[in-house]
Amino acid sequence: MRELVIVRNPDQQSRLPYLIRLPLGEGLFLRAGGTWPREKAIYCYPVGPEEWPAEPEVVERVPVRSCARRGAAIDLVLDRARENRSQIVFTTARGRDAIFWQTARVRKQARPKVTTPTARASGVTALPIVVDSGERYAYAFPRRQVELVRRRLPCGDYGVEVAGALHAAVERKSLADLVASLFNSRLKYQLTELSALPHAAVVVEDRYSQVFKLEHARPAVVADGIAELQVAFPGVPIVFCETRKLAEEWTYRFLAAAYAAADHPSGPAAAADEPGERPEPGTAEVRAWAREHGLEVPPRGRLRQEVWQAYRRSHP
Numbered sequence: 001m002r003e004l005v006i007v008r009n010p011d012q013q014s015r016l017p018y019l020i021r022l023p024l025g026e027g028l029f030l031r032a033g034g035t036w037p038r039e040k041a042i043y044c045y046p047v048g049p050e051e052w053p054a055e056p057e058v059v060e061r062v063p064v065r066s067c068a069r070r071g072a073a074i075d076l077v078l079d080r081a082r083e084n085r086s087q088i089v090f091t092t093a094r095g096r097d098a099i100f101w102q103t104a105r106v107r108k109q110a111r112p113k114v115t116t117p118t119a120r121a122s123g124v125t126a127l128p129i130v131v132d133s134g135e136r137y138a139y140a141f142p143r144r145q146v147e148l149v150r151r152r153l154p155c156g157d158y159g160v161e162v163a164g165a166l167h168a169a170v171e172r173k174s175l176a177d178l179v180a181s182l183f184n185s186r187l188k189y190q191l192t193e194l195s196a197l198p199h200a201a202v203v204v205e206d207r208y209s210q211v212f213k214l215e216h217a218r219p220a221v222v223a224d225g226i227a228e229l230q231v232a233f234p235g236v237p238i239v240f241c242e243t244r245k246l247a248e249e250w251t252y253r254f255l256a257a258a259y260a261a262a263d264h265p266s267g268p269a270a271a272a273d274e275p276g277e278r279p280e281p282g283t284a285e286v287r288a289w290a291r292e293h294g295l296e297v298p299p300r301g302r303l304r305q306e307v308w309q310a311y312r313r314s315h316p
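Going by full-length UniProt numbering, 105 is the number at position 105 of the sequence shown; the sequence numbering is gapless.
FYI, nobody ran anything at the bench for these hints, they're computed from the structure.
Since the structure is predicted, the reported quantities are computational estimates derived from the model, not experimental observations.
Warning: the hint list may mix true and false statements.
In silico DSS-like pairs for lysine-lysine, Cα to Cα no more than 27 Å straight-line [as the list claims (entries may be wrong)]:
id: 1; residue 1: K213; residue 2: K188
id: 2; residue 1: K188; residue 2: K245
id: 3; residue 1: K245; residue 2: K213
If you anchor each label on the Cβ, the simulated ranges turn out as follows [unchecked claim]:
id: 4; residue 1: A81; residue 2: V231; range: 46 to 54 Å
id: 5; residue 1: F212; residue 2: R244; range: 19 to 27 Å
id: 6; residue 1: G164; residue 2: G48; range: 25 to 33 Å
id: 7; residue 1: V231; residue 2: R302; range: 16 to 24 Å
id: 8; residue 1: Q12; residue 2: G71; range: 53 to 61 Å
id: 9; residue 1: R302; residue 2: R70; range: 34 to 42 Å
Where a beta carbon is used, it is the ideal one built from N, C-alpha and C, also for glycine.
Hey, can you work out the whole structure from these sequences and the hints?
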């Protein structure tokens with residue numbers, strides 16, 4: 001029977017007191033820190049099978065129902081009634097391979113109970129978003145009116161172009177990637193490139209409070225580093241969005257706002273190409289006009305066709 005085995009690390013000098021063996025392939029061996037068991041994510045390093053002690057002091061041995069790797073993560077299901085689901089995510093920290101292991105309870109607690117709106121961002125229809133070809137597990141922007149194109153971007157992971165040039169970009173990061181790129185100075189170079197654009201930002205798929213729960217890096221050093229970069233690059237905000245879903249939503253609306261600000265039509269009809277013809281107004285402009293003239297309009301979302309017709313009659 002396949003088992004998850006956790007033993008004490010015989011190396012007394014190590015700050016990671018446990019060794020873990022997962023039934024994946026010939027066996028995946030990890031060195032883990034923290035107190036076992038616990039409610040938050042566990043920080044690990046991959047190690048070779050030679051570090052497994054000949055006579056291990058077993059802390060826990062649990063039968064495994066499922067252990068499957070999917071991309072950069074491993075989904076683990078233990079054969080027990082409670083605390084049986086967890087996920088192991090592979091990333092890098094300080095230029096070395098690193099692994100974060102968190103339970104389903106931790107993921108559930110971190111998931112805000114919100115429903116994102118479905119209205120078009122900034123009234124833009126068919127927003128053309130360029131996704132960097134090197135972006136793994138990219139956002140798909142489901143239920144959004146977007147046109148996705150994959151190709152190499154000069155900076156950022158997602159962007160919109162105006163007149164054939166990159167106009168706005170968003171760099172996506174997990175908290176682990178943010179910390180690693182902060183220490184190896186990659187983040188500083190990325191911000192330097194992003195700051196040359198009219199609009200740019202970095203979105204982090206986690207809460208800012210998680211910075212102060214880091215164990216493999218000093219939280220104060222990380223917080224100071226983020227603050228110093230924000231002072232050095234005030235035009236490129238670093239936004240913490242709690243979850244991947246909210247980070248995806250923020251990215252969509254940021255790029256739509258930047259695209260609309262570049263004098264693109266944001267109403268239901270495209271602006272005419274003939275010179276001298278007045279462009280189609282935006283939804284917000286028509287909504288304000290309708291309220292001034294006593295027409296009933298919803299506070300958000302689409303406007304009725306008769307409202308648009310009334311506006312056009314008064315603005316021939």
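Violated hints, by number in ascending order, as checked against the structure: Going through the list in order, the structure violates hints 6, 7 and 8 and respects the others.
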